[in-house]
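*Asks:* Residue numbers (our numbering), protein chains in the order written: chain A, 1 to 336; chain G, 1 to 386.
Rather than coming from a laboratory, the hints here were simulated on the basis of the structure.
Fair warning: there could be bad hints in the mix.
As the list claims (entries may be wrong) - Among the chain A residues that face chain G by a calculated CB cut under 7 Å, a handful are:
no.	residue
1	Lys140
2	Pro214
3	Glu221
4	Ser222
5	Arg294
6	Ser296
7	Val298
8	Arg299
9	Ile300
10	Val302
11	Arg331
Ideal placement from N, C-alpha and C gives every residue a C-beta, glycine not left out.
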Amino acid sequence: MPTLPPLVLESVRAFVVGFIVLNVIIGMVTYVTLLERKFAARMQSRIGPYRVGPHGLLQPIADALKLMMKEDVIPRQADRSVYNLAPIVFLVPCMLIFATLPFAPGLGVADLNIGILFFLAVSAMEIVGLFMGGWGSNNKYALISAMRAVNQIISYDLPFIFVALIPVVLAGSLRLSDIAAAQAGMPYVFWFPLGTLGFLAYIVTTLAAENRVPFDILEAESELIAGFRVEYSGMKFALIQLGEYAHVIGTSFLGALLFLGAWSGPWSDTSPWWGALWFMLKAMFVFLLVTWIRWSFVRIRVDQILAISWKVLLPASLVLLMATGLVVALRSTGNG
Amino acid sequence: MDPEARKVVELGYGGSERLTMNMGPQHPSAHGVFRAILSLEGETVVGVDAVIGYLHRCHEKLGEALTYTQYPSIASKTDYVAAMCSELAYVRAAELVGKVEVPKRAQYLRVIVSELQRVASHCLWLGTWCLDMGGALGGGATVFLYCIREREWVLDLFEALVGARLLYGFHQVGGVRYDIPAGWAQKCRETIALIERRLIEYEDMLERNAFFQARTQGVGTISRELAQTVGLSGPLIRGSGVSYDIRRLEPYSSYEDFDFKVPVETAGDCYARYRVRMVEFRESIKIVRQALDGLPEGPVSSRPGVKSVGQVRVAKGEGYARVEGPRGEVGCYLISDGSAKPYRMKWRGASFSNLSVLPHILIGTKVADVVAIMGSVDPVFGEVDR
Numbered sequence: 001m002p003t004l005p006p007l008v009l010e011s012v013r014a015f016v017v018g019f020i021v022l023n024v025i026i027g028m029v030t031y032v033t034l035l036e037r038k039f040a041a042r043m044q045s046r047i048g049p050y051r052v053g054p055h056g057l058l059q060p061i062a063d064a065l066k067l068m069m070k071e072d073v074i075p076r077q078a079d080r081s082v083y084n085l086a087p088i089v090f091l092v093p094c095m096l097i098f099a100t101l102p103f104a105p106g107l108g109v110a111d112l113n114i115g116i117l118f119f120l121a122v123s124a125m126e127i128v129g130l131f132m133g134g135w136g137s138n139n140k141y142a143l144i145s146a147m148r149a150v151n152q153i154i155s156y157d158l159p160f161i162f163v164a165l166i167p168v169v170l171a172g173s174l175r176l177s178d179i180a181a182a183q184a185g186m187p188y189v190f191w192f193p194l195g196t197l198g199f200l201a202y203i204v205t206t207l208a209a210e211n212r213v214p215f216d217i218l219e220a221e222s223e224l225i226a227g228f229r230v231e232y233s234g235m236k237f238a239l240i241q242l243g244e245y246a247h248v249i250g251t252s253f254l255g256a257l258l259f260l261g262a263w264s265g266p267w268s269d270t271s272p273w274w275g276a277l278w279f280m281l282k283a284m285f286v287f288l289l290v291t292w293i294r295w296s297f298v299r300i301r302v303d304q305i306l307a308i309s310w311k312v313l314l315p316a317s318l319v320l321l322m323a324t325g326l327v328v329a330l331r332s333t334g335n336g
Numbered sequence: 001m002d003p004e005a006r007k008v009v010e011l012g013y014g015g016s017e018r019l020t021m022n023m024g025p026q027h028p029s030a031h032g033v034f035r036a037i038l039s040l041e042g043e044t045v046v047g048v049d050a051v052i053g054y055l056h057r058c059h060e061k062l063g064e065a066l067t068y069t070q071y072p073s074i075a076s077k078t079d080y081v082a083a084m085c086s087e088l089a090y091v092r093a094a095e096l097v098g099k100v101e102v103p104k105r106a107q108y109l110r111v112i113v114s115e116l117q118r119v120a121s122h123c124l125w126l127g128t129w130c131l132d133m134g135g136a137l138g139g140g141a142t143v144f145l146y147c148i149r150e151r152e153w154v155l156d157l158f159e160a161l162v163g164a165r166l167l168y169g170f171h172q173v174g175g176v177r178y179d180i181p182a183g184w185a186q187k188c189r190e191t192i193a194l195i196e197r198r199l200i201e202y203e204d205m206l207e208r209n210a211f212f213q214a215r216t217q218g219v220g221t222i223s224r225e226l227a228q229t230v231g232l233s234g235p236l237i238r239g240s241g242v243s244y245d246i247r248r249l250e251p252y253s254s255y256e257d258f259d260f261k262v263p264v265e266t267a268g269d270c271y272a273r274y275r276v277r278m279v280e281f282r283e284s285i286k287i288v289r290q291a292l293d294g295l296p297e298g299p300v301s302s303r304p305g306v307k308s309v310g311q312v313r314v315a316k317g318e319g320y321a322r323v324e325g326p327r328g329e330v331g332c333y334l335i336s337d338g339s340a341k342p343y344r345m346k347w348r349g350a351s352f353s354n355l356s357v358l359p360h361i362l363i364g365t366k367v368a369d370v371v372a373i374m375g376s377v378d379p380v381f382g383e384v385d386r
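This is chain A alone, in the form it adopts within the complex (with noise of 0.2 Å):
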């Protein structure tokens, strides 16, 4: 029997669990949007969706059918191919976040080297399919949406960056799984006060990549109507808020793993699943923690925004960094 060539087999491999992760993504976003909206109904003493299904579990069931069904409306004055492309071009980089991400050890798509910036890179991306669908649907108040988009996604990358290197200076490696096993005795989160602020600033940081109130400027839609996606509806629209909420499950999923030490907790050594169930849980914590601040607090406004990104987030994550760097240089000189 000849044997196929390890490039061959590697790749069928990486395409087998990228289909897997996908799917079980994409099945994840639907659910979390339900568990978002129980989560929002109990904030504001309701009981959120119950209909469809015991407890309304089968309401984003339900809603991806009716999105399925709805009519697909182009605006005749938008640019047709633009406006046709963009929530791919969304889409796309959203979905991709999963690519580097172990979800406990050995179980991933692909381990890289330097996955924490291929997550970082292609998780910036995701601007231009905003600024497509804000351009392309022709309507003032996308167009508005979408430059409030280039600013915002400008201005916090910046942090965003510093803050996720945090975890990099101290664990010394760019892979994922590196980071991950370095927590393995503690999460990052307690190792105080660097790791702690680090984690803090994370979320703020997170909450303005997302477009999450109080940084939700983009949508924004007591102004704004609903932003960039205000021309799309049907499946476009779908595609738009499946790339938003695989957005929010990856960061909080980066979260989990850079600060939360990832996959260990009890019995983690035991068996990869309970790696992955605790990863789960504590990216879980995460999304609600940032769905709590979102349903508590009101939007701010973009030179506010802008303001607390500049000359607030940049310099203390800058600082964070540094302190950080030296306090790993210290440690190593210390010990070598």
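With chain A fixed as given, assemble chain G onto it according to the hints.
*Replies:* Below, chain G without anything else, positioned relative to chain A:
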């Protein structure tokens, strides 16, 4: 140089291209059918063209066509968020012209429902205003749902009293239509006590929130002079440092019997207006309590029960009556020719006058502030367009 162009030069935006954006009449935060045509440079508003009239229903003509018995339940449709107060303005005008006595018990009941209405209206204002700033998918929605829950209790009280929840027809010339049912006073006390406790929760949620402060403090400042020039009333003028409250200046319906404060803030920004309304919540609750404590016995109307729509006739004459609604001065000018219908009737809507301040304070703000300022003005378009 026209004032608008001078403003642009001062702001340093001269030369860049302008974008005309239509906000309304269908817009999530227009609080009704209001159309603001904004001229934008970037995100900054350099010109506002306010268009009203989408909700015009010929109220003043209707007032000439309907009798004194019929119109009060239509009057509630001018300011439908504070129906009790707009009815009261019409009924008081008719009583003033016709020199009709109102029994003490009816006066107290009018005070009770007016103040409860103020609480309900301010609940709706706080909720929708936070919705404007916080978004339907954010913290604003949370505050909104809390406030709506409290407003429901007040509406439940009205339902027990009148049978209706939004448009009541409670007041009539000479008194009120219904006396309070058994147990209502107790239920009312419990409700206002509960709302008083909840107010502390709102304040905790909003005032200790840096983002809320950033969005409201120093935003949409109305100077004392501007407030008086434009003719503001209600919480707006009190937020700009003028102690102007009709309940105090020209007490009607036995308001002189009650002990209450008129809150005044001097900053004139959205936060000052918010503070004024939060204190008004408490003062209204205080007044309701006093009125329930001192509710005199006796008839609730000086007129016999209504048997036909043309039964009430008002002597020839004219007069202007005003009441302090949740949004400010609600006035009604009435000319009677001695028949069962007014010869001419004119409304003075608080929202209409308050809204006219918008073009003065919106110039130079950001788009996001437009909705925050509009929410803090608290217009009800039924009252603007009538």
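*Asks:* Each hint should be assessed against the structure and marked as holding or not.
*Replies:* Tested hints:
Among the interface hints, the one on Lys140 (chain A) holds; its C-beta lies about 5 Å from the nearest C-beta in chain G, closer than the 7 Å criterion. With its C-beta approaching chain G no nearer than about 5 Å, Pro214 (chain A) sits inside the 7 Å limit, and its interface hint holds. With a cut of 7 Å, the hint placing Glu221 (chain A) at the interface with chain G holds, because the nearest CB-to-CB distance is about 6 Å. Taken as an interface hint, Ser222 (chain A) checks out: its beta carbon lies about 4 Å from the nearest beta carbon of chain G, inside 7 Å.
Given hint, Arg294 (chain A) at the interface with chain G, holds; its Cβ is 6 Å from that chain's nearest Cβ, closer than 7 Å. Proximity of Ser296 (chain A) to chain G holds as hinted, the smallest CB-CB distance being about 5 Å (cut-off 7 Å). The restraint placing Val298 (chain A) at the interface with chain G holds, with a minimum CB-CB distance near 4 Å, inside the 7 Å limit. Here the hint on Arg299 (chain A) is kept, as its CB sits about 5 Å from the closest CB of chain G, short of 7 Å.
Hint status for Ile300 (chain A) relative to chain G: holds, with the closest Cβ pair at about 5 Å, below 7 Å. Annotation: Val302 (chain A) was flagged as interfacial toward chain G, and the flag holds, the nearest CB pair being 6 Å apart, inside 7 Å. Look at Arg331 (chain A): its Cβ only gets to about 36 Å from chain G, farther than 7 Å, so that hint breaks.
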